[in-house]
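Now for the letters of each chain:
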Amino acid sequence: MSTHRQSGRTKGTTRSSRFVSNYGMLGVLLLLCLLFAVLTVDEQHPTGERAAKTLARALKESSDATAAALQAGGVLIISRESDEARLFSRSLEDALSHGGYSRVTAISGDPAAIRSAMERLAGAGESFRLIATTEPFAPVVRAIASQIDAFEGSRIVTPPSYRWPTFLLPNNIRNVANQISVIAIIAIGMTMVIITAGIDLSSGSLIALSAVVAAWLIGHMGGESASALMMCLGSLGGILLCGAVGAFSGFVITEFRIPPFIATLAMMQVAAGLAYIISHGVPIYQLPEGYVALGRGVEPLFGIPYAVMLMVVLYIAAHIVMSRTTFGRYVYAVGGNMEASRLAGIRVRLVLFIVYTLCGLLAGLGGVLMASQLRSGAPTYGLTYELYVIAAVVVGGTSLSGGEGRIFGTLIGAFIIAVIQNGMNLTNVESYTQKVVLGLVILGAVLLDRLKHQRFRFRRG
Amino acid sequence: MTAPHSSDRTLTPLLEMQGIRKTFPGVQAVSSASFDLYPGEIHALVGENGAGKTTLIKVLTGVHRADAGAMALSGQPLEIDTPLQAQRAGIATIYQEFTLVPHLSVRANLCLGRERTRRGFMDTAFERDKTRSAFERLGVSIDPEALVADLHVAQQQLVEIARAIATDARVLVMDEPTAALTPREVEGLFRILRELASRGIGVIFISHRLDEVLSIADRVTVMRDGVTIGTWDAKTLSRKDLIEHMVGRPLEQEFPKVPAPIGETCLEVRGLSGGRIRNVSFSVRHGEVLGLAGLMGAGRTEVARLIFGADPKESGEILLDGRPLRIESPRDAIRHGICLLPEDRKLHGLVLKASARDNFALPNLRSWSRAGFIDQSHESSRFFHHVEHLNIRVSGPEQPAGNLSGGNQQKLLVARWLESNSRVIIFDEPTRGIDVGAKFEMYLLINDLVSSGKAIIVISSELPEILGMSDRILVMRKGAVSGEITDIGSATQEAIMALAA
Numbered sequence: 017m018s019t020h021r022q023s024g025r026t027k028g029t030t031r032s033s034r035f036v037s038n039y040g041m042l043g044v045l046l047l048l049c050l051l052f053a054v055l056t057v058d059e060q061h062p063t064g065e066r067a068a069k070t071l072a073r074a075l076k077e078s079s080d081a082t083a084a085a086l087q088a089g090g091v092l093i094i095s096r097e098s099d100e101a102r103l104f105s106r107s108l109e110d111a112l113s114h115g116g117y118s119r120v121t122a123i124s125g126d127p128a129a130i131r132s133a134m135e136r137l138a139g140a141g142e143s144f145r146l147i148a149t150t151e152p153f154a155p156v157v158r159a160i161a162s163q164i165d166a167f168e169g170s171r172i173v174t175p176p177s178y179r180w181p182t183f184l185l186p187n188n189i190r191n192v193a194n195q196i197s198v199i200a201i202i203a204i205g206m207t208m209v210i211i212t213a214g215i216d217l218s219s220g221s222l223i224a225l226s227a228v229v230a231a232w233l234i235g236h237m238g239g240e241s242a243s244a245l246m247m248c249l250g251s252l253g254g255i256l257l258c259g260a261v262g263a264f265s266g267f268v269i270t271e272f273r274i275p276p277f278i279a280t281l282a283m284m285q286v287a288a289g290l291a292y293i294i295s296h297g298v299p300i301y302q303l304p305e306g307y308v309a310l311g312r313g314v315e316p317l318f319g320i321p322y323a324v325m326l327m328v329v330l331y332i333a334a335h336i337v338m339s340r341t342t343f344g345r346y347v348y349a350v351g352g353n354m355e356a357s358r359l360a361g362i363r364v365r366l367v368l369f370i371v372y373t374l375c376g377l378l379a380g381l382g383g384v385l386m387a388s389q390l391r392s393g394a395p396t397y398g399l400t401y402e403l404y405v406i407a408a409v410v411v412g413g414t415s416l417s418g419g420e421g422r423i424f425g426t427l428i429g430a431f432i433i434a435v436i437q438n439g440m441n442l443t444n445v446e447s448y449t450q451k452v453v454l455g456l457v458i459l460g461a462v463l464l465d466r467l468k469h470q471r472f473r474f475r476r477g
Numbered sequence: 150m151t152a153p154h155s156s157d158r159t160l161t162p163l164l165e166m167q168g169i170r171k172t173f174p175g176v177q178a179v180s181s182a183s184f185d186l187y188p189g190e191i192h193a194l195v196g197e198n199g200a201g202k203t204t205l206i207k208v209l210t211g212v213h214r215a216d217a218g219a220m221a222l223s224g225q226p227l228e229i230d231t232p233l234q235a236q237r238a239g240i241a242t243i244y245q246e247f248t249l250v251p252h253l254s255v256r257a258n259l260c261l262g263r264e265r266t267r268r269g270f271m272d273t274a275f276e277r278d279k280t281r282s283a284f285e286r287l288g289v290s291i292d293p294e295a296l297v298a299d300l301h302v303a304q305q306q307l308v309e310i311a312r313a314i315a316t317d318a319r320v321l322v323m324d325e326p327t328a329a330l331t332p333r334e335v336e337g338l339f340r341i342l343r344e345l346a347s348r349g350i351g352v353i354f355i356s357h358r359l360d361e362v363l364s365i366a367d368r369v370t371v372m373r374d375g376v377t378i379g380t381w382d383a384k385t386l387s388r389k390d391l392i393e394h395m396v397g398r399p400l401e402q403e404f405p406k407v408p409a410p411i412g413e414t415c416l417e418v419r420g421l422s423g424g425r426i427r428n429v430s431f432s433v434r435h436g437e438v439l440g441l442a443g444l445m446g447a448g449r450t451e452v453a454r455l456i457f458g459a460d461p462k463e464s465g466e467i468l469l470d471g472r473p474l475r476i477e478s479p480r481d482a483i484r485h486g487i488c489l490l491p492e493d494r495k496l497h498g499l500v501l502k503a504s505a506r507d508n509f510a511l512p513n514l515r516s517w518s519r520a521g522f523i524d525q526s527h528e529s530s531r532f533f534h535h536v537e538h539l540n541i542r543v544s545g546p547e548q549p550a551g552n553l554s555g556g557n558q559q560k561l562l563v564a565r566w567l568e569s570n571s572r573v574i575i576f577d578e579p580t581r582g583i584d585v586g587a588k589f590e591m592y593l594l595i596n597d598l599v600s601s602g603k604a605i606i607v608i609s610s611e612l613p614e615i616l617g618m619s620d621r622i623l624v625m626r627k628g629a630v631s632g633e634i635t636d637i638g639s640a641t642q643e644a645i646m647a648l649a650a
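Chains as they are written, first to last, in the numbering used here: chain A, 17 to 477; chain B, 150 to 650.
Hints are not guaranteed to be accurate.
[Stated by the list, open to error] Okay, derived cross-link-like pairs now, EDC-like style, lysine to aspartate or glutamate, Cα gap no bigger than 20 Å in a straight line:
1) K462/B with E109/A
2) K495/B with D460/B
3) K462/B with E420/A
4) K462/B with E451/B
5) K69/A with D126/A
6) K279/B with E325/B
7) K495/B with E271/A
8) K495/B with D317/B
9) K495/B with E355/A
10) K406/B with E611/B
11) K627/B with E451/B
12) K406/B with D524/B
[To be verified] Label pairs and their in silico Cβ distance ranges:
13) V176/B with H335/A: 33 to 41 Å
14) R277/B with A260/A: 34 to 42 Å
15) L184/A with Q234/B: 52 to 60 Å
16) V176/B with L50/A: 56 to 64 Å
17) P613/B with L416/A: 43 to 51 Å
18) R277/B with L416/A: 52 to 60 Å
19) R484/B with V314/A: 50 to 58 Å
20) H538/B with L463/A: 53 to 61 Å
21) L463/A with A647/B: 37 to 45 Å
22) A260/A with S526/B: 38 to 46 Å
23) L184/A with R519/B: 40 to 48 Å
24) A260/A with R519/B: 43 to 51 Å
Source of the hints: derived by calculation from the structure; they are not laboratory data. Here the structure is a predicted model, which means the values were calculated and not measured. Beta carbons are placed, not taken as given, at the ideal position from N, Cα and C, and that holds for glycine.
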């Protein structure tokens with residue numbers, strides 16, 4: 017069994033080098049993140065609970081004498097009318113009353129409401145040593161306080177600010193992930209299609225078709241008062257129709273040997289046309305408020321958006337399918353050498369048919385997700401998205417000539433595109449310039465891939 | 150040079166290459182090569198795969214630049230950095246894969262890159278003249294306006310040669326020129342090569358077909374492990390000598406045939422028709438090697454593909470152990486234990502980008518998987534079992550199949566079909582493009598297979614191989630069986646050719 021042991025050792029080294037060549041783009045992604053982190057370092061103002069805690073701590077750290085005076089002097093907490101602000105107000109009130117402050121009052125609302133509430137408090141003879149509010153709201157509060165005599169002597173305090181990259185704020189990262197989820201989910205199907213040496217140009221149009229059909233179905237099943245079941249059924253309708261379009265592409269490609277480029281180019285037009293016909297060319301808005309749960313909802317425990325969770329789950333599932341199942345192996349084999357695969361007894365046409373159907377279904381899911389994010393279905397959704405999807409796949413290291421590529425590579429590719437867009441937005445790069453940069457990045461990624469392959473070129477004759 | 154060198158030429162060599170060395174990262178492709186070519190000479194360059202022939206030729210044609218060594222053309226020092234410089238120096242190369250543009254006419258191909266314009270338009274009259282004169286010098290008649298895609302392989306090759314002539318080439322390099330030709334076409338090609346040589350052109354002829362090498366070449370240079378080990382006069386060299394020079398050790402026996410006990414009829418084919426195949430019937434028994442001989446295009450591969458379900462058959466019956474089978478796809482054939490090792494391994498056999506293990510596993514995955522999930526530990530253990538058993542030289546399961554040598558690729562495919570319990574194995578040109586050493590191993594493997602009762606069909610264009618390894622020979626001509634040779638002991642190449650032509 018000497019062969020066994022020997023190759024067991026080489027397996028380890030080839031594994032690690034394979035990881036580098038498969039996921040080398042991960043390094044590029046991390047470098048980009050680092051770059052934008054450095055470029056976007058800025059004064060940050062905490063919000064919500066965190067703001068309350070840092071403010072309470074800051075007050076406690078002031079000298080004993082002033083602390084005692086402050087504690088006796090009363091605190092007025094002023095906040096805006098929003099979830100985050102309410103959280104700030106409630107947490108601060110909590111922390112201060114437990115911290116020995118005698119009189120803690122909280123008011124919230126728009127500037128007009130604040131003014132009248134403060135006037136009412138002044139009228140009742142109340143005065144406060146401290147006014148606590150958030151940094152963005154402070155100028156407004158300061159202006160109002162200066163106009164009311166009772167508050168003229170009050171000190172306005174805000175949570176201390178800190179320096180941190182805007183790019184790395186949890187909110188921003190959440191946004192990046194949420195925004196790329198539609199493209200990333202569709203890119204799973206596109207990766208499989210491209211591994212078979214095919215292409216699917218209809219994905220963008222299928223987003224629109226799916227969004228419109230889902231919205232139309234829900235509109236006819238109760239509209240804004242549709243039940244959760246109806247929303248699911250409507251969405252499923254949109255997804256399944258896209259699956260059917262994908263299946264039709266697959267059928268045409270395998271039965272009539274029409275090149276995938278042509279077949280899916282045709283279906284791109286058909287799907288776009290259908291979306292306009294069904295919606296009469298106008299967005300469908302009759303969707304229940306609850307419909308946004310999928311697209312905008314956030315999981316309560318760690319604050320991860322549902323769309324991102326869905327994306328991650330799908331990527332893990334797709335990775336397992338591609339690396340552990342016979343179907344996945346067949347997809348690579350068919351893309352690497354269709355005739356050899358057929359002669360090895362693989363049902364090549366079935367494999368291709370399934371791959372195009374899957375790609376359609378995932379595009380449908382992307383459309384539903386977009387409809388949920390925007391709470392409407394419009395035939396203009398997803399325009400040219402197929403190009404972003406293909407770009408994500410290619411940047412992720414999947415070769416357009418088929419037979420090789422990795423699912424997680426595509427996720428990295430999608431994130432590279434998202435991070436570049438987001439980073440350029442944060443650093444105020446013009447949107448026209450952004451396009452130029454994005455194009456060059458795609459070109460660079462493919463070039464890197466080419467270089468990687470050239471190392472294996474030389475062989476003896 | 151230590152080798153016998155019976156040249157009494159007083160001429161200056163047309164081409165001299167001295168002490169050529171070329172190293173690629175990690176590989177010394179050519180470590181010391183010297184080669185000369187006289188005007189009017191046909192000089193063969195032979196060696197096993199990986200011996201460095203192609204690299205040496207690529208140095209000559211400007212594809213690679215030598216690390217060391219010198220070249221001279223007609224006594225003048227020769228510096229070649231690009232293929233274009235080689236062309237300008239009068240060195241024309243005809244590669245195994247033709248470099249013609251299929252959807253352009255013969256004339257356009259012949260003049261490609263050397264078009265002349267008149268008042269801004271292409272000068273077609275000039276091109277027609279040039280094409281006609283090149284064809285006249287070759288003594289062939291091909292319509293200059295025909296599309297290259299519509300020509301036979303042999304005609305396409307003539308177009309390539311004509312193109313070389315049209316550039317006034319003095320050195321013509323031909324890499325495996327006969328691989329795709331029928332014997333008659335080979336004869337035609339040899340006549341043209343001799344004709345060109347008689348006009349002072351030097352021809353470098355690279356081939357694996359040693360019989361052809363010995364019949365066409367004036368001298369033979371053998372390369373082994375990146376070194377030119379010697380040059381011999383073709384007239385004084387035997388096939389056995391040549392092989393021994395190539396492998397570097399004495400050769401006891403080229404075909405180690407061990408007859409196995411022959412059992413009942415295993416596979417029977419009755420009245421098989423489809424495509425160009427008409428009414429083919431034959432049978433193979435357990436433990437028997439049936440040789441399938443014939444010219445290229447006689448329909449041997451097509452018969453194999455029909456049996457295997459790779460092409461649709463129009464009529465005919467296929468029986469296994471007396472039971473009729475329904476075979477409509479390769480999948481059906483595999484399920485019944487019939488397998489095919491295709492002639493073109495890279496095109497029809499392997500997924501080159503995929504790993505050795507994946508290629509091995511492809512048809513067997515279904516039986517190893519549960520609910521679609523592959524049992525990877527079982528897969529690995531089966532892979533290593535066969536690697537050891539068949540002595541497949543592979544760096545590990547993840548090595549891409551495309552990086553394996555021809556012999557190991559072939560063994561990998563054999564392993565795949567052994568794993569799927571095949572009972573009938575059809576080898577289409579089993580030793581094409583593989584080394585002499587690997588060939589020998591392949592023959593031993595065929596012995597093993599028949600001794601375990603499998604029925605083997607060997608399709609081969611190498612008549613010595615067919616004669617050396619078969620128990621019985623079936624000869625095909627124009628899509629039908631033209632004869633059968635059962636007395637293998639007294640069979641000759643001539644007897645086969647009489648039935649084939």
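Taking the hints in turn, this is what the structure says about them:
{"no.": "1", "hint": "K462/B with E109/A", "verdict": "violated, 86 Å"}
{"no.": "2", "hint": "K495/B with D460/B", "verdict": "holds, 19 Å"}
{"no.": "3", "hint": "K462/B with E420/A", "verdict": "violated, 34 Å"}
{"no.": "4", "hint": "K462/B with E451/B", "verdict": "holds, 10 Å"}
{"no.": "5", "hint": "K69/A with D126/A", "verdict": "violated, 23 Å"}
{"no.": "6", "hint": "K279/B with E325/B", "verdict": "violated, 27 Å"}
{"no.": "7", "hint": "K495/B with E271/A", "verdict": "violated, 25 Å"}
{"no.": "8", "hint": "K495/B with D317/B", "verdict": "violated, 35 Å"}
{"no.": "9", "hint": "K495/B with E355/A", "verdict": "holds, 10 Å"}
{"no.": "10", "hint": "K406/B with E611/B", "verdict": "holds, 16 Å"}
{"no.": "11", "hint": "K627/B with E451/B", "verdict": "holds, 11 Å"}
{"no.": "12", "hint": "K406/B with D524/B", "verdict": "violated, 38 Å"}
{"no.": "13", "hint": "V176/B with H335/A: 33 to 41 Å", "verdict": "holds, 36 Å"}
{"no.": "14", "hint": "R277/B with A260/A: 34 to 42 Å", "verdict": "violated, 56 Å"}
{"no.": "15", "hint": "L184/A with Q234/B: 52 to 60 Å", "verdict": "holds, 57 Å"}
{"no.": "16", "hint": "V176/B with L50/A: 56 to 64 Å", "verdict": "violated, 39 Å"}
{"no.": "17", "hint": "P613/B with L416/A: 43 to 51 Å", "verdict": "holds, 45 Å"}
{"no.": "18", "hint": "R277/B with L416/A: 52 to 60 Å", "verdict": "violated, 41 Å"}
{"no.": "19", "hint": "R484/B with V314/A: 50 to 58 Å", "verdict": "holds, 52 Å"}
{"no.": "20", "hint": "H538/B with L463/A: 53 to 61 Å", "verdict": "violated, 44 Å"}
{"no.": "21", "hint": "L463/A with A647/B: 37 to 45 Å", "verdict": "violated, 59 Å"}
{"no.": "22", "hint": "A260/A with S526/B: 38 to 46 Å", "verdict": "holds, 39 Å"}
{"no.": "23", "hint": "L184/A with R519/B: 40 to 48 Å", "verdict": "holds, 44 Å"}
{"no.": "24", "hint": "A260/A with R519/B: 43 to 51 Å", "verdict": "violated, 31 Å"}
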